[in-house]
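S.K.: Chain by chain, the residues:
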Amino acid sequence: MRLINDVKHVIEAQQLSRRFLDNTLFPLADEEGLRFVRRDFHKPLTGKEMVSLFVGESTRTRARFEIAMRRLGGEVVFSTEAGDKFSSIAKGESIPDTITIFDEYGVDVIVLRSQNKGDALLAAGVSSIPIINAGDGPGQHPTQALLDAYTIRRYRKEGIDGVATAFIGDVQGGRTVHSLAYILGKYEGVKIYFVSPEDRRIGPNITDYLKEHGVEYHETNDVREIASKVDVFYQTRTQVNLGTSTWDRSDPNHGYTIIDQSVLATAKSDAIIMHPLPCLGEINRREVDDDPRAVYIKTRGERVSQVRCGLFVTSALLQIILSA
Amino acid sequence: MRLINDVKHVIEAQQLSRRFLDNTLFPLADEEGLRFVRRDFHKPLTGKEMVSLFVGESTRTRARFEIAMRRLGGEVVFSTEAGDKFSSIAKGESIPDTITIFDEYGVDVIVLRSQNKGDALLAAGVSSIPIINAGDGPGQHPTQALLDAYTIRRYRKEGIDGVATAFIGDVQGGRTVHSLAYILGKYEGVKIYFVSPEDRRIGPNITDYLKEHGVEYHETNDVREIASKVDVFYQTRTQVNLGTSTWDRSDPNHGYTIIDQSVLATAKSDAIIMHPLPCLGEINRREVDDDPRAVYIKTRGERVSQVRCGLFVTSALLQIILSA
Amino acid sequence: MRLINDVKHVIEAQQLSRRFLDNTLFPLADEEGLRFVRRDFHKPLTGKEMVSLFVGESTRTRARFEIAMRRLGGEVVFSTEAGDKFSSIAKGESIPDTITIFDEYGVDVIVLRSQNKGDALLAAGVSSIPIINAGDGPGQHPTQALLDAYTIRRYRKEGIDGVATAFIGDVQGGRTVHSLAYILGKYEGVKIYFVSPEDRRIGPNITDYLKEHGVEYHETNDVREIASKVDVFYQTRTQVNLGTSTWDRSDPNHGYTIIDQSVLATAKSDAIIMHPLPCLGEINRREVDDDPRAVYIKTRGERVSQVRCGLFVTSALLQIILSA
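Here the protein sequences line up with chains A, B and C, keeping their order. Residues 0 to 323 (numbering that gives the first Met the number 0) make up the first sequence, in order. Residues 0 to 323 (numbering that gives the first Met the number 0) make up the second sequence, in order. Residues 0 to 323 (numbering that gives the first Met the number 0) make up the third sequence, in order.
Same shape as in the complex, but just chain A (with noise of 0.2 Å):
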């Protein structure tokens, strides 16, 4: 947790530590995920409020906050999904001071999803209460970085150390795959690959962050070629909404960076395919979707999917946040 004048705010991935995840965290997500299939839930926040601060096109985070928190028990006192309407940009009211208001008005906790990066910690520079940052913008996702790391988590007995991702289309725009790579940076003996066209290459504020902690990549533009190697593909979408890409995949550089037959024909028989959605075309959802290894959105029998762990650990970090 990032302590602001003595507040838990979640702002960025990298302010996690490893410990938090292992010891705190994902066991308390492995709980939920047991109360879940018993449909046993229980009110460890009864009486706590949050409000829910979006803007567009956040169906899916906005809905994992809300839903996890009324099944604990608390209350989603206020919840908006035209946040634009609230920005600096449609209103004059800065973040700060929208924040303020809500923290005036004596709630428990803010989720907030802007436009801007940046606004997070902006918003917790002058909280009393906690911040959760559901995206900032261009800038970070963290929560959704946490849902990721307990994915891979999941699905590995051995744990995240060790693990081989590659991150697969736009790396250089996707923030999903920054969040995330920084999280995995924390663990021992972790290989990255960075699969995407030339000119969406990822960038150095990632890779010097893993030189720094020591984390070996590859970059290349053909997933084929490394697809054996790999436990986690991370395949993204091309993040035209974010207004970060460009790029045409008819263009010969553009290389190999959709998850189809080919791929799954090399990959190992217990690899995850996983992405943060929504999915279009970078995966041949006809040829993949019914693949023991897809775990993105749905699994076949026991498995538990992508989405439902985002469910776990959002009801997880909930808990921790809001107890005293």
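A couple of the hints might just be wrong.
[To be verified] Think about it this way: if two alpha-carbon atoms lie no more than 20 Å apart in a straight line, the pair counts; the simulated EDC-like pairs of lysine to aspartate or glutamate are:
#1 A:LYS47 x C:ASP39
#2 B:LYS47 x A:ASP39
#3 C:LYS42 x A:ASP107
Hint data in this document are derived by calculation from the structure and do not stem from the laboratory. Small disclaimer: the values here were computed from a predicted structure and weren't measured.
Since chain A is already given, all that's left is putting chains B and C on it; use the hints.
M.R.: Only chains B and C this time, still in chain A's reference frame:
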């Protein structure tokens, strides 16, 4: 109920049997009506979770589902009115993927208002929980038809058999007309008058269905001609917001497709005037609102409005769908 | 309270008597303030249902009503922030019809933020349940005036009688200025200074009212001239989003209509600085925020901010309106 993979969905009006309406849904709606009058709400849906996924301009329908659910003790764990933000158009996510995510989150029912015909069926195809179609673009709006049919039954001791209904306005484009016509076709001795401008005549998908079910129907462009024979005037608005109509009332071939004093003058004393709302100029409100036959929005004395009938039917439907 | 057909509505500031404010509303708001500090919330509105109908850009007001209602044990059974979707403009439905529908659904109170002056009165005219005007376009915003008046009373042991208030900014276009001026006019010995650019002077609807109630008022375009005589600085923003202002601060005839260190320097030590928010550049936040006289958003120590006063008044108002 339409069973798809053993789950009860409400996708289109045709799926609903006369027996289900008469023996199950309507009696339960009557009970809900009694509870409403006594303000004696029970809580049979405690612990059940609804998700409302709506595109814009759907206040009335979203409201009756959310209010009914909460009064029954259930929870609305997530609600969006900007559903176009999650649709395939704005975000690139398919309806099945969006539905799968909420299914994975473990909620109990999804009420879906979407933009494209067939979306509800697509949704049901992937869902392990019930989908209620709250309008799929120019497709159907089956729960509107249920509330319409219930309103008719409530005003006819003899039941829906033998009722003569005039559908007035853009009968070609109005999805509520289509859905209700499908339901009426399941009853005996029913007559239908389609009153519309020449170029907004009812389409063969409906007339073929009526012929097949032995329903007598007539077409005209002047409601005054048939007003004395009608039990139910079902006035509809021009479906401008669905993009299906371009007709011009000043066009002489338009005929007479509004309700006013001249229509009331020849109508039966026990006829009723209905409208799915919102109501623009197609009913002369000043002349008609205070007539005891007007039940579309508010009624004098003991009579129950079509709006309120909608709430009762919705309450009944949610109980049926969410009971084990 | 304004009684229309025996129902208590809050439509405009003029309707509210001094006796009601001093003897009923404000003491109850004080009680709510004490409960807030102790976080000892009671649930007098259990079983009561509120509907929030809002057009965009109204986060703060919608939030204080919804949070207050929920803390009092009531339910927000329906909420829309895209109210322009239900308004006569976008959908063709009139305000009275929209209100009638919620009335028919049997809810207990409607909070309405609408686009056109007079909408709240129209709404009350057809409603059997209370309507609270949360701003009717360029019309009034009476609950803002209540929270403003309560804030003043909270900081003056001697009460509102005799208070000298400076309204600063676009006093012609600011509906919060108008509503509060109407309330101040009900007290004795009150003085008002209107500080505005020449072309944004207060209109005759207000000045006539003040003359009639024997309120002393002055007009100027330089706040520094009158700063030493003022108990309450009420700074307002340029009402750009209400489409009522075109003035340009660089215009020399604009005068001096902001609060900064130069104003603080001559202001009384027990003056207070208020603002209805959101606050743009019209207060020099860096110079003013930390001054103990600044109460608009957050305060040092024990003092209660105007924002929080708004919550207390809203809680009190809902209880009064929803009590039998």
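S.K.: Need the status of pair B:LYS47, A:ASP39: alpha-carbon distance at most 20 Å?
M.R.: Since the Cα atoms of B:LYS47 and A:ASP39 sit roughly 13 Å apart, the hinted pair holds (cutoff 20 Å).
S.K.: Hint check: C:LYS42 vs A:ASP107, CA-CA at most 20 Å. Holds or violated?
M.R.: Holds. C:LYS42 to A:ASP107 sits at ~19 Å (cutoff 20 Å).
S.K.: Straight-line Cα separation of A:LYS47 and C:ASP39 no greater than 20 Å?
M.R.: With Cα atoms ~13 Å apart, A:LYS47 and C:ASP39 stay inside 20 Å; holds.
Consistency with the previously given hints is maintained throughout, with no hint failing.
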